[in-house]
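With the hints as your guide, set chain B onto chain A.
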Amino acid sequence: VKKFSGLILCCAVMLLALQGCSTTASTGTARPAVIEKGRPAPVARDRPAPVAPPREQFETPAVAPQPPAVLALLEQAEQQANAGDLEASAASLERAIRINPGNAVLWYHLATVRLAQGEALQAEQLAVKSSSLAPGNTIQQARNWKLIAAARRQRSDVKGANAAEQRARELERH
Amino acid sequence: MARRRTRGRRKSRRKTARRSIWSRLFIFLLILLAGYIVYLDFQVRHQFAGKRWSLPARVYARPLELYAGQSLSADQFAAELQALQYRPVRSPRKPGEYSRNVNKFHLLSRPFDFWDGNESAQNLRVTFAGGSISRLEDGSSGAATSLARLDPVLVGSFYPSHNEDRVLLQLDEVPVALTDALIAVEDRGFYRHHGIAPLAIARAMWVNIRAAGVVQGGSTLTQQLVKNFFLSSERSLLRKINEAFMALLLEWHYDKDEILEAYINEVYLGQDGKRSINGFGLASYFYFERPLSELSVEQYALLVGLVKGPSYYNPRRHPERARSRRNLVLDVMVELELLDAQEAERAKQRGLGVSHLERKAINTFPAFLDLVRHQLQRDYRDEDITSEGLSIFTTLDPQVQWQLEQVFASRLKSLESGRGIEAGKLEGAAVITSVQGGEVLALAGGRDPGFAGFNRALNARRQVGSLLKPAVYLTALEQPQRYTLATLLDDSPLTFTARNGDTWEPRNYDKEYHGHVPLYHALAHSYNVATARLGLVLGIDAVIGTLRRLGIEQHLNPYPSLVLGAVELSPLQVTGMYQTFASGGFRMPLRAISAVLAADKSPLQRYSLSVQSVINPAANHLVTSAMRHAVREGTGRALLQSFPAERFVAGKTGTTDDLRDSWFAGFTDERLGVIWIGRDDNQATGLTGSSGALLVWRDLFSKFRPAGWSQPAAEGIEYQWIDPVNGLLADAGCADAVQLPFIGGSAPLETAPCKKDESPAPGTVEWFKGLFE
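So the protein lines, in turn, are chains A and B. Mind the numbering: the first sequence is residues 1 to 174 in my numbering, read in order. Mind the numbering: the second sequence is residues 175 to 947 in my numbering, read in order.
These are computed hints drawn from the structure, not numbers from a lab. Every clue listed holds true.
Partner residues are not named here, just some residues of chain B that face chain A (Cβ under 7 Å, in silico):
no.	residue
1	Asp290
2	Ser787
3	Glu889
Think of the CB as a built atom: it goes at the ideal place given N, C-alpha and C, for glycine as much as any other residue.
Excised from the complex, chain A in its bound form (with noise of 0.2 Å):
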């Protein structure tokens, strides 16, 4: 329990900043999702982090920074997973998903307690939906496929976790 808990807050900050650089990059490579002639992309407007904004931002939405009450809902939830109270922590999670529900990285985090939990089946769901709410961000892709890996090893589905292993490796390799 403490040893991925002891991760999720020191990685917080780090994924958020990520998250925030990766959008960019995916609108960078595919087209940003114009609907109609002389609108706006409705893609990409995801909120960057509180930590230094991407310098080659492709728009910049007029959105409020990340708030800090998903960051102080995260550090509870560690907290609350180092005291061993996954359930409690799974809640914080879902609190801080309520407030920012396209946050990949909160989504991994709520996949890693289940996983805890010995919740496999849903740990792989949920890594499954950080993933979408990612596309083009291959690191918190890899994270995610990593989890699935281990979610799948759980339920003894070798096969499928050497499948996702080897995803998580493409990924990297990016």
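Just chain B now, with coordinates in the frame of chain A:
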């Protein structure tokens, strides 16, 4: 002589016989009495220790989270505080008080036991600007606070059938001032007697004579408890005897504190319609709209004074009587040195402080509570729900619910008057959820939100019409090698002949045929013929399979008309299906409950967030993209005026034959709403989806501020310019060209005639670049 002797012997024999009859009778009576006492003893112990009280379940709304950036206006916040019965004061000193200066609030929040721990009382300053919280800080230090959670609004209770209500208190939660005053006035010898106190009657008389009024009654608290607890209110000798025996028995089995605690929770203190007000905990809310711990001394005195006669001293109906009774109690407190004389004088000067009794329904949001109860019944027995004192935390957002109720009533009224429909004939239902959490935020079961009758959101099964079409298109778009949003569909006359010889000729709503139209356009404009042909090609079973994955669990008959929505679903079922679209292809249970606590506040159960990936995210992105077109240029274009172009809004209208049902299901990044309008007698309403339900949706959703984030396009999606006339690759320079998403590699390769092969003019480039910067 002999006769006499015989007579004498007979006499004495008769005497002994009589004596033995008496003694037998006496013994018999003694046994009867013993039996009776055993019976009473059983009653006393059974009732007192066993099911002492049935405690209704308390149902709470979601707690309001406060943080900088939270979408909430100052007025909405004030409404929430009012619903929480916080008191506006000049400067807050106790929990449950607040002050407001335009956009700045200062409040002392109440402590509360949540599922995941206790929230302590906090001193907070909240500043609003532009419809959201701009600053949240600690009220004493001024330091920024990242997050605070208010106590949740109590939205209802589940009562047992006899309408018993109670706010159960433990003795250590009861202010000493109250118990002191109670014992002083009602039973000074409480801690000394054994249940009955013959001397107390004499003392009471003496006190009453001295005070020139009735201050004390003769019966002990124990006797009063027995009276309240076990017996009817008839006045008879037998009842008095029963009462005395039971009081003695109660004292024999239980200690004084247990009896006092029971008394405090049981004593009858008022009546609210059918609901009786028992116990000081509930009475405090009933008369002062706040917890007992927040009352002041004269308010305790008033409550203690009420014990003698809740109806005679009813402070709302007889304020003068109540006042003098209250002051008498204060005098007794001074006499027994429980209260300083000066303080008592000041307290006497104060008003009664009783709140206005609004005859509001016990349950504020009956339709939502219906859903809560429905979901609880999966895990709990009925008697547990109504009597175990559960705390039920729901997902209800009162702000959304209030807005929904307001727009629903006024829009239905204006639809009726605008279309000459008899007033009150239109009915409707609505379900509003959070897109990523599947939490039910608000629910309307009919046009009158206070009416706890037929809940149409849960129980009305109506034909869904075109609301079903996205499932057909999704089935197609999951095969990117065969179908894209640009694929041309055939919307020319169609006659389908079933194996049994029956024929089916679907028609379009505008009674016309549109030739070949791109797939996204056919869905956006809800063309029946193109959809039917597509559905038949895909196979009805394949469409049913998609509906299953989307979350429709009920049995569906594989008739061709299914693809045009000839299936009856409740608004809640439709919501489940659109939840999957809105969340990016993830199915999730619609949750009305987040957690349940037992009476002792220990966690019983949590209903947590869970997701299941059921639809390829890329295919889901395509179909929601077509639903965006529906509200921009298709059947839902009436929305256009109310939402800025860049705001993400997607949805689908539904209209059934003869205009019996008017549906709209739509979502933004943050919320999903499904609205149904129709008549209970299933007559025509004259409304299509866009002229009815959509307007309710628009009224409601235009009140919401845009979310600060947006669902990103799925992995592997690329956008291309398409000429809608032929579905071929175009560029920004083409007239009427639209940019459509494609699953990687599935975009058409052939170019439209309008596309210039040479690079576009510089002006176009600048304009094009401007789009993304």
